[in-house]
Structure formats: structure tokens, C-alpha cells
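Let the sequences and hints guide you as you build the complete structure.
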Amino acid sequence: MTRTASLCTASAAGILALTVVGLVVGDFPVPAREAIATAIWDRGSEFDFVINTLRFPRVTVAVLAGICLAVSGALFQSLIHNPLVSPDIIGIDTGAAAFAVAILAMGLDNQWLPYAAFAGAVGTAGLIFVLSWRRGFSGGRLVLVGIGVNALLTAVITYMLVRFPIERVSAAARWQAGTLSSSSWGDARTLAIGLAVLLPAAFLLIRRLRVMQLGDDMAIALGVGLEPSRLAVITVGCGLAAVVVAVVGPLGFVALLVPHVARALAGTLSGGVLLLTALLGAVMLLSADLVAQRLFAPTVLPAGVVTAAMGGPHLLFVLRRFNRAA
Amino acid sequence: MPPDRVPSPTLKAEQLFADYGGPPVVKNLTAAIPTGEITAIVGANASGKSTLLRALARLLRPTEGAVYLDGADICRLPTRSVAARLGLLPQSPRVPDGVLVEDLVRRGRYPHQRIFHQWSKTDDQAVLQALELTGLVEMRKRPVDELSGGQRQRAWIAMALAQDAPMMLLDEPTTFLDIAHQVEMLDLLARLNQTENRTVVMVLHDLNQACRYASHIIALADGRIEAAGPPVEVVTAELIERVFGLRVSVVSCPVTGTPLCIPYRHNY
Amino acid sequence: MQAGRSAWRRHAVSLPLAGVLLCCVGLLSLRYGVLHIDIVTVWDAIWNYDRSDQGQVVVRELRMPRTIIGMLAGAGFAVAGALTQGVTRNPLGAPGILGTNAGAAFAVVTAIYSAGITTPAGYVWFAFAGALGATVLVYLVASAGPGGPTPVKLALAGAVISALLGSWTAALLLLDLETLDQARFWLAGSISGRGTEEVELLLPVIAVALVVALSMGRQVNALSLGEEVATGLGQHTALVRATAGLCVVALAGSAVAMAGPVAFVGLAVPHIVRSVVGADYRWIILYSALLGPCMLLGADVVGRLIVSPTELQVGIVSAAVGAPFLIYLVRGTKLAQL
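Residue numbers (our numbering), protein chains in the order written: chain A, 6 to 331; chain B, 634 to 901; chain C, 2 to 339.
Since the hints were derived computationally from the structure, they do not count as laboratory data.
These numbers come from a predicted model, not from an experiment.
Even for Gly, the Cβ is constructed at its ideal location relative to N, Cα and C.
Treat the hints with care, as some may be off.
A few chain A positions that, by computed beta-carbon distances, are all more than 10 Å from chain B [stated by the list, open to error]:
| hint | residue |
| --- | --- |
| 1 | 10 |
| 2 | 15 |
| 3 | 32 |
| 4 | 48 |
| 5 | 52 |
| 6 | 110 |
| 7 | 111 |
| 8 | 120 |
| 9 | 127 |
| 10 | 175 |
| 11 | 220 |
| 12 | 223 |
| 13 | 230 |
| 14 | 273 |
Straight-line distance between alpha carbons at most 25 Å, and here's what the computed SDA-like set of lysine to any residue pairs gives [said to hold, decoys possible]:
| hint | chain 1 | residue 1 | chain 2 | residue 2 |
| --- | --- | --- | --- | --- |
| 15 | B | 645 | A | 12 |
| 16 | B | 754 | A | 269 |
| 17 | B | 774 | A | 300 |
| 18 | B | 774 | A | 121 |
| 19 | B | 774 | A | 211 |
| 20 | B | 774 | A | 7 |
| 21 | B | 774 | A | 220 |
| 22 | B | 754 | A | 9 |
| 23 | B | 754 | A | 277 |
| 24 | B | 774 | A | 9 |
| 25 | B | 754 | A | 209 |
| 26 | B | 645 | A | 222 |
| 27 | B | 774 | A | 205 |
| 28 | B | 754 | A | 168 |
| 29 | B | 754 | A | 275 |
| 30 | B | 660 | A | 12 |
| 31 | B | 774 | A | 269 |
Quick look at the structure:
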């Protein structure tokens, strides 16, 4: 078995183990055997509500969202040749947040929230795309325009946070921190549909991306149509990020970090490495969510806070690699 | 030779103008690349050598005129079908972090792959053959960024070889190499030309190397062709003075019989 | 020196122009606000102060300190941003990436949460200490390992520390509603209701750091060509980088202490200046010191007028105005290679 394959196997095993832990632990502990039985076949179990309504959907959402984010980050980083780029840095999350915070702060019906967030994310991506198009694309311009748009939307959010009553602002702030605590099977389904469409697309784009990593000239020489390919990569990357932010809220750092970890473990981009990236994304978000639930129990922290806190040490790890390279 | 190799294409530029968003760098240039030969493009700095090569490789869209590949405007052809006929090695390609030699060479197979036809025996063969021709079989598992300058250049050539295009364009393939590696590189290209009948077009700085390895020379000055033809016929002291503004004495090389330019000192 | 003299001639017009612009924005800031005050009263308040005139008192006691704070904070952010971009050779360099904003926010939110401090004047020292502590931490982390604090390591370490502090700040805000209620106004970035005494104490810090920064243009020019070139030009790069780092900490720390985390001025002003005066850091730093205050104070004036009789925080307005401008610049020029 190759190194990448064994790493993937290990990550998959890690996902399974963490899933079981996620079903077992909580304010109301469920024995592992019963937890698994209830989740898979035993519908009549006394734990049915805890497992199948609360914990299993939540764990599933963590896995799916982790995959989406990690793959999205990998696509962006290979496209822009910059290890510090991720969809949240160029404002996709902020776009979603602006719309979501508007709904929450104005006290509108919460059922529109995911749609508004998704519209915000996609709209922002489109805006960044249009604004940075000028006789073709440049990664640098895309990032700078993204940062500008990000700042603008942040100003809008800040305005709403200052303007509206504190109770609503508090709900908005909580949403912005990104939380998995109210995840339902409906959320999982939305994520699964998104993944079913976008993940195969991401894998199909890998070969192009591998060539595009050699620089624009080389990519043209090898017969890659640059602009359509870039458009495709950005569409898929933004799509993945948008689905997550719509369902779960902004979760920082997964998209930024997991691709680094995968690269450090298994080397430059390939289908296998992308698979590993996806699996590691699930591992990271699952464990972040577990920590968020149990660290200050019974107070539950938003998972986004924990991913950021966990991201720190990971990024230090990346830093060490830079040290060795320097 | 893999069976599906397309016969060497014809490549020519007609009344070509090209620029980088400023004044024209290549002006009204018409040239044909002889099939199955080695062509060297020479000229002073800023004479338009690289610009011409970039236009020939469709990296640069001409402002007027066109480049024709097998009689069709190269900018209108599907880029992948061009890539199957025309390989290119740019001056400074980007090395992705930590990429291995073999992984790099495999990426050259891109134009031969289709969505549902991902990786075949032919691909493996082409990669192995490219590694063998460049003497990199032993180093296939080494990261490219840990190789020496000469080895790295060979890895890029191997990648271009794996592309398996009957015509190859190279932009200054000998830059950053010491004299031994320069000769090694040019010998490799000559061998590819002779044994596999590949057409080679390259920008070269060293006139004497150009005379020695190329069978066809295109000398540029100020974006125009000053002379084109076999080195023995076109390389004269008078041409060099016009192209480079340098006084030389042209003698016949004692080893190969090709022209050899020996510059005078300016205060001579 | 021929080149130097012609550069001076070129700036003989634009430099006074920037100065005049700054004065105009300063006057606007004294003139406009919730209370309508005409320009004559403003003039009298400055030159013949009459304590019995209510308008003059407002100008003198409220708007003048606010204007001065806006100018100081604007210059602080902008010059800190220019130095950061030059030294880290990163077009996205802004004091924020070195952790100043996250550190200040962390300290202020912690102070509100645990010590119950609720006035902008009370925040100043916490913010300054937080910014200072975070930046020093970033520098230490980036210095660890071989090679010392290279630009990439600085940026990465800044991102790490900011994220860690940010997650802690976010957690506190979510745990306690009252803290969120207090902190949200400070976090938006504002220069209203600041205490004058604290500012008087920060003034010398800013002044010294500004003078040092203005004298460092030549060194930053060399450093912006890269470590090796700078060393080749005979520069003690570690020393220059450390001095520049100290300036950035002093300037950005004071600015964020006075105005809160106004993120955009430090990023946008140096870019705008560079697109006008070119790549020479001697001029970039000087113009940043003049135009930073214009942007921050201008944003503040707009914020006072646009939703009158209430006010819009300066952090919001500066981003709302600066961001489109940055995008416009990004589209127009070959601004930055990433």
C-alpha cells in the first residue's frame, strides 16, 4: 500500500472512531454498544432521540462540512499558488454572514437563513469574480479584490451589530462564530447533495490543476484552457464553501489548514492527496466539535471558535516546514 | 517511437505583429519553421526572440497577422490539439513545492488524457522513455527542488518529452547551466532530432552553439528578420555586425566546419 | 544629487497639497457634528476662545480632542501599514497581520468581562498593552528556528496568534451578553468620547515613532528589495527590521488604543499612496503620515453626518469608503504580485 493510501485508511478509521465518540459522549452518556445499535438498526431504543435526533445528525454534518471545506481550501490554494489563501479570506464567508446577520438582526423568519446565507456566499463570489476580471484573471488580483470586498461586507456587518438591539445581535454573533449544535438531518442532506455534485467535479479538475501549478505558460503549452479552467475551479471551490456556510455558518481555518497538513504528509496535489485532504477535513471538524461541546460543558462553545483555536498549533506546524525550507 | 505519434507539423508565421500592451516587439514578421530540423532563433537582447517564440507557441496572441500550424490559425485551434503537436519549455517554469521528478514528468501527459480515460500503459511508457532519454531514471523519486540546475533542466525537458509532441519549442534551454551541461543539453536535443525526427525550435544566446547545432538560423534585429537560412550561408561578419552591433571575425570551426564567430575587442 | 533634486521638485506641489487637504479635513471635523456650528465660531474657538459661548466650548472641549485623536490614529495606522508592507515585502501587510488588532481586542474584551471597565478612556491602556503583547509574541514565535523572522514566518505567526486570540475573544463575547453589548461599540472602531489625558500620554510615543519611521525610508527601500540585496548594500537587516518592528508596535498600538481596531486605513492608505508617488518608501511613509489622518478623520466626519443625529463608527465608514477605492486601484494597475 502506498503512503497516501495508508494515510487515507488511517484517517477513515479516525473518522469512524470519532463518530462513535461523538455518539457516546455528552451530557447524557450513552454506552458505545447501544449508541451504535441505535444509530444503525435499533429504532425502538430508549436512546433513539439522543442518538438519532441530536448526535448522529450533528456528527454527520461535521464529517460532510469538514470534507467540503478542506477540498475547497485545497482547490483555492493550488489555483492561486499561495499557501495563505482560503475561501474565507477572500470574503465568501463574510458575504454569507452579511445576509445571515441581516436576517437575524432584523428579526426576520429564521427559516430563510440558510437560503440567505447561500445567496450571500454565491453573490459575493460572483461579485469578486466580476470585479477581478480584466482581460482574464490573475490570482493576485482576485485575492486583493476579495480582501476589499471582505472589508466592505465586514463594515456592513459591524454596522448591523452596532445598530440593532443586543438580544438579536447576540444571536447573530453566535451564528457568526459557526456552530454545529443545532444540526439536523435536513442540514446533512443539503451538504450531501452539495458534495454529490461538487466533489466529483473537484476530482475531475485535479489533472488540470496539476498542470496549472507549473505556471501559466506551461499550462497553455500542455493544452489547458486557462480561463475556463480557472472559472471551473473557482466555481467548485466557492460552491463547496457556500454550502457549508449556509448550513453551519462560517468555520474558520479548516479550509486554510487541512490542505497544508495533507500536503506535508503526502506531497503535492494528486487525486490521492485530495482524498486525504477531504478525510482530514472531516477529522479536524469532528474533533473540533467534540472539544467545543465538552471543554466547558455544560456551556457549549461554537465549533468555529475551536477550529480557530486548534488551527493555531496546526499553523505552527506549517511554520516549522517553512523553517526547514528556509 | 509510440505508434500514435502525429507526423511533424508545419509551423509558420505570416505578417506577424506582437506586443505586450505597448509598442510592437515583433514587426511584420514572416517565417517558416523547416520540418524535421533544428532551428535556432538568435538576436540581441530585446530583439524579439522570446516574443516570437511565445507567439509561435500561442502564449501570446498576435495583434496582427497569424501563426499557422498545419495551415490553421493556431489561436483558433483547440488548445489541446495544439498541445499534442507542439511542446514548449518556457524560460522559467514554476516548480510546485516538493514535487517529485516522476510526478513532474507525468504531468506532461495531460494532452493525451481524457476524462474517462485517465492513465494508460502508453502514458507509463512515454514517461519511462522520457526519463531514460534524459538519464533521470535513478532520480525519479527525488524532489525536483533538491536537484542541481542541470538535473532540474533535464527534468523539465523530460516533461516536455513525455508530452510526446513531434515539435518542441524551447526558450533558452541552456540558461543557468555550466558549459558541460549546456553541451549535454544540446546533444540531447540533437539526438532527439536525429533519432526521432522531432522538429526543435529554440532561442539561443550563444551564436557558436546555434551555428553548431542548428541547421536553420533565424537572426532577429529590432523585431524583424535580418537573415534566415543554414548557418554556413547566413552567418557572416557583416550580419553579426548588423544584428549585434559587434565586430567579429567568422572562421570555420576546426571540429565541425560550422561558422565560428570570434569577437574583436572594442578598443582593438 | 540630480535625481533627489528633481524628486523634490515633483513633490513641491503635491506635498503642500496633501498638507492643505489635511488642514481642510481638520476644519471640517471641527465644523460638522450633531450640533450645528458655523465656521466663524470654529475660528474663534481656535484663536479667541470664549468660554461662555456654548458652540465654542463644544468645538474646543469635544471636537478638538476628537480631531487630534483622529489625526494621530490615522497617521499611526497608515505609517505602521507602510512600514509593515515594506519590511515584510507583502502587499497585504498591515499592522493587523502582526496581531495588533487581535491583541488589543483580546485585552479590551477581557477587561470588560473580568474587570467591568466600561469607558473608552478606560480601554486605552488595555488596548495598548494587548497590541504590544500580541506583536511581541508574534515576533518571538516567528524568530524561533533557523533563519530568524522572515516575512513569510512573520505573516504566518501573525495569523496564528491572531486566530488564537480571536477565538478567545469570540468565546468571551458569546459567554456574556453584557460584555458583547459593551464591546461591540469599541470593536467597531470609533474616536468619539475618548479621554484626553490618556491621549496626552500616548502623544510622545506616537511622535517619537513617527520621527523614527520618517527617517527610515532609505533603509526600508533597501529592505524592500529583499534580504540579500539589502545585506549586499551594506545594511544591518536585523537591526533595521527590529527598529521598524518597534515603530510599528508603537504606532499601531497607540492608534488602536485610541480608535479601536480600524482595520482598513493601515492597508489601504499605503497602497493608495504607492499608486500615486511610486515605490520610494521615503515618500510613501511621508505621504502616509499626511493622508492617513485625512482618510480616518474624513471617514469620521462622514460618519457623523450620514445618519445624523446619531453617528456611524469610523471603522465602518473607513472600510465602506476605502474598500471600493482599493478595488478600483487593484483593477487599474498591476498593483501587486502575490
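Please write out, lowest number first, the hints stated earlier that are contradicted by the structure.
Numbers 11, 12, 13, 14, 15, 16, 17, 18, 27, 28 and 30, in rising order.
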